[in-house]
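Q: Sequence:
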Amino acid sequence: MMYSNQSASANDVGDNSLGSNYQGVWDGRIGFGKTPALLVVDFMQGYTTPGSPLFAEGVVDAVAKMPPLLDAARRTGTPIIHTNILYHAADQIDGGIWVKKAPVMRAMVAGNPYADFCPEVAPRKDELVMTKQYASAFFGTSLASTLVAMGVDTLIITGCSTSGCIRATAVDGVQHGFRVMVVRDCVGDRHPAPHEANLFDIDSKYGDVIGLDETLGYLAGR
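Everything in the sequence shown is counted per this note's numbering, starting at -13 for the first residue and increasing by one.
The hints are simulated quantities; they were obtained by calculation from the structure and are not laboratory data. Note that this is a predicted model, so its numbers are computed, not measured. Where is the CB? At the ideal position from N, CA and C, for every residue including glycine. It is possible that some hints are incorrect.
[Stated by the list, open to error] Pair by pair, the computed Cβ-Cβ distance ranges are:
(1) PRO39 x ARG61: 35 to 43 Å
(2) PHE103 x VAL11: 38 to 46 Å
(3) GLY10 x ARG92: 39 to 47 Å
(4) TRP12 x GLU200: 17 to 25 Å
(5) PRO39 x ASP13: 31 to 39 Å
(6) ARG61 x VAL160: 23 to 31 Å
(7) GLY37 x ASN7: 21 to 29 Å
(8) ALA75 x GLY10: 48 to 56 Å
(9) ARG92 x GLU200: 31 to 39 Å
[Claimed, not checked] Below are the DSSO-like pairs computed for lysine-lysine, each with C-alpha atoms no more than 30 Å apart in a straight line:
(10) LYS118 x LYS86
(11) LYS87 x LYS20
(12) LYS51 x LYS20
(13) LYS20 x LYS86
(14) LYS191 x LYS51
(15) LYS118 x LYS51
(16) LYS20 x LYS191
(17) LYS111 x LYS20
(18) LYS87 x LYS118
(19) LYS191 x LYS118
(20) LYS51 x LYS111
Kindly generate the complete structure, drawing on both the sequences and the hints.
A: Here is the structure:
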């Protein structure tokens, strides 16, 4: 299924629309491979709790769409890897410059409910959880080597936020040699504009942006 950034038309200049400008240059498709894993990035309560500085309505919507995908992955034996962000509680020194740039992230410490997984998509006891301190799920973690050891060639990415951790993970995913598939229904951000712009960029250059139905169909066919 080809991705079309309908919201981008406001930025078109004359006939030089985004679609025609990118056509034949940045519109390739990679498709699914043979062995997928489902990556669920940072679905923590700080993004879904009204009143939290991190609250993002788009993430609430994405979480609501996740249960059928998690059920399908579990039913078909597709590996599921969850990530979260946790820092050293005293001073968040392991967050480095990022927590200086974005001090709102200092809430991600053990014991703060904002750092807990959203109950609707919480990992099961037998599902792997990888803790990270930066945007990409690959940076400073064993994700790449774990996927290689499992024989995975396709990384189905869900989670938040689209313009941050999802984009960073998609870029690193393709650079590590995986077929990156981002499920647009199951990723979210705090504003539609960066959400759509980053989906456009991911689909153009780093992976395929696909719908939930297409993903469920692929898993069912396995």
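Q: Any hints from earlier that this structure breaks? Give me their numbers in increasing order, please.
A: 7, 11 and 13
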